[in-house]
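Chains A and B are the protein sequences, given in the same order.
Those letters in the first sequence? Residues 1012 to 1325, by the numbering used here.
Those letters in the second sequence? Residues 1012 to 1325, by the numbering used here.
Keep in mind the hints are simulated off the structure, nothing from the lab.
Model, not experiment: these values are computed from the prediction.
Glycine included, C-beta positions come from ideal geometry on N, C-alpha and C.
Worth double-checking, as some hints may not be accurate.
[Unchecked claim] From chain A, some residues computed to sit far from chain B (all C-beta separations above 12 Å):
hint	residue
1	Thr1030
2	Asn1044
3	Ile1051
4	Asp1055
5	Ser1067
6	Ser1245
[Unchecked claim] The calculated lysine-lysine pairs, modelled on DSS-like cross-linking and capped at a C-alpha distance of 25 Å, are:
hint	chain 1	residue 1	chain 2	residue 2
7	B	Lys1119	A	Lys1141
8	A	Lys1141	A	Lys1305
9	A	Lys1161	B	Lys1161
10	B	Lys1089	A	Lys1138
The primary structure of each chain is shown beneath.
Number of protein chains: 2
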Amino acid sequence: MKYIGIDIGGMSVKAGVVTEDGAILAKKTCETNANAEDTIIVRDIADLIDGLLEESGVSKDEIVGVGIGSPGSVYDEKGVIRYSCNINFKNTPITKLLAEYTGIKNVKVSNDANCAALGETMFGAGKGAKNTVMLTLGTGVGTGIVVDGKLLTGNRSAGAEGGHITINLGGATCGCGKKGHLEAYASATALMNQIQDACRKHPESLLAQRVAKEGVSGKIVFDCKEQGDKVAESVVKRYLKYLGIGLVNYANIFYPEVLILGGGISNQGDNIVKPLQRYVSRNVYGAEYNPKIKVACATLKNDAGIVGAACLVM
Amino acid sequence: MKYIGIDIGGMSVKAGVVTEDGAILAKKTCETNANAEDTIIVRDIADLIDGLLEESGVSKDEIVGVGIGSPGSVYDEKGVIRYSCNINFKNTPITKLLAEYTGIKNVKVSNDANCAALGETMFGAGKGAKNTVMLTLGTGVGTGIVVDGKLLTGNRSAGAEGGHITINLGGATCGCGKKGHLEAYASATALMNQIQDACRKHPESLLAQRVAKEGVSGKIVFDCKEQGDKVAESVVKRYLKYLGIGLVNYANIFYPEVLILGGGISNQGDNIVKPLQRYVSRNVYGAEYNPKIKVACATLKNDAGIVGAACLVM
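Model the full assembly from the supplied sequences, consistent with the hints where possible.
Structure representation (structure tokens):
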């Protein structure tokens, strides 16, 4: 059995042939014609699939289905992408169109954060678990939630907007304009802001000196902490506390087997997993009676989008 | 088809014969022998069921199953009550025992807040909905969550402890000892504290005068607000904001069709529903693209425990 996973991004569309073990047999990429008519974008994806199958020598008959991961607001059950900030989708019936263009009947779509969570649960950091919550730390905080092996999407797929839960009444302003949301404290963007604040307050610190030379990044603050810079240490400590609070909130609601972290910061591995594991074990409700919740970084990395999308049709 | 619902409380156990429409045909109650051996408590429940069937003239053969709602930590899948603060359950295999004592094979158990949410979803404020979140406002904040018609309980039923999500970093101390939890702001107990604080600060207010005479209650603050007392008005406004933040957090994660409020404060009906409906509609993420989420008070009231428990076996 083989599956196709499509990972739509603002710059490029990636397609891959995925096995039932989550391995990628072949990959192919095309540019995203982001401002074109939506039907043209979908035709490009159909052409990409044809090229991929031709190059990999896999016949269309072997393909069980096509799964699509897209940024933006997706109505999973209807197979429609409602809108996407950077791509010209507008109530685009993408599963219907792609089925028509490719002749492959079984096509499904979901939000990219959902696909990543499903992929990690089936083949990555959450392998073997039935209940997981994944926070993807990027410009915002994306959440993908798997309950009993199935994606939680809410009524009309409008749920799992879990970056927008209030963790600090009247606190920092979120990208959405509201105050105190998790995203305003725990996204990669928030970490950059926290680093820059610290640099302004402590221009003498190693952190400030390196940021001035190399520019701000998540990696730099972990590096400086490693080198003994106290300012960097305090930024990391505070950021991990925010992230820990978000994880514990989700743990208390879902009590999943695994809490998964995605996004660039997850490359820090044990630097973030160890303190967060301690924080979660200490703060989750009823921890003394219940099994430990594992904290882990995403493992599928660059292939997460393709594999996760393919999981939609497995 | 008939079902039995058992509502275990610290003082009494209520049993009822429930129809498939959620109507109660007959009820019977016995005292909870809270400090006795757990097997004795379960035997009492078996006797209660026998008495109930005899009095109501319903034969055991007509009963599809027995559902049990219990306070405390319940491991639904195993049919075990792990512990309960006020009743002597300790890893009690209640479904196995009750099946043995009654001869009725199909017995299920869940936490009482879960049962209430399931009952309201099938026959009460959430009737017709597939996704609901219910907050029960009492000593704490209980959460019952229904996803796609099924209770969300988390790994080993340890989830849905949703009163313990942080909404205010480092804020008010919760009953569990941690800081800033929803429960410390939105439970009935929290409202009492907020009223008493206001009374201390404004002894001249109508609210303070009535509380001094009649004692503190949730009803009194709504009554005083109705009579034009500004202090009461500000307490209510602030409390509803806290509650609103909790509701919006759940709305952003689950995007349910209905958010349901239970507990004594839900008797305030439109006094709380109207402002909370406005707050939720204004603050939920993506409200402009998505269907409106209804806010409603629980409707099953005193029978919620029995009907909700019976829903476990429907």
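Checked against the structure, which of the hints given earlier come out wrong? Of the numbered hints, all hold.
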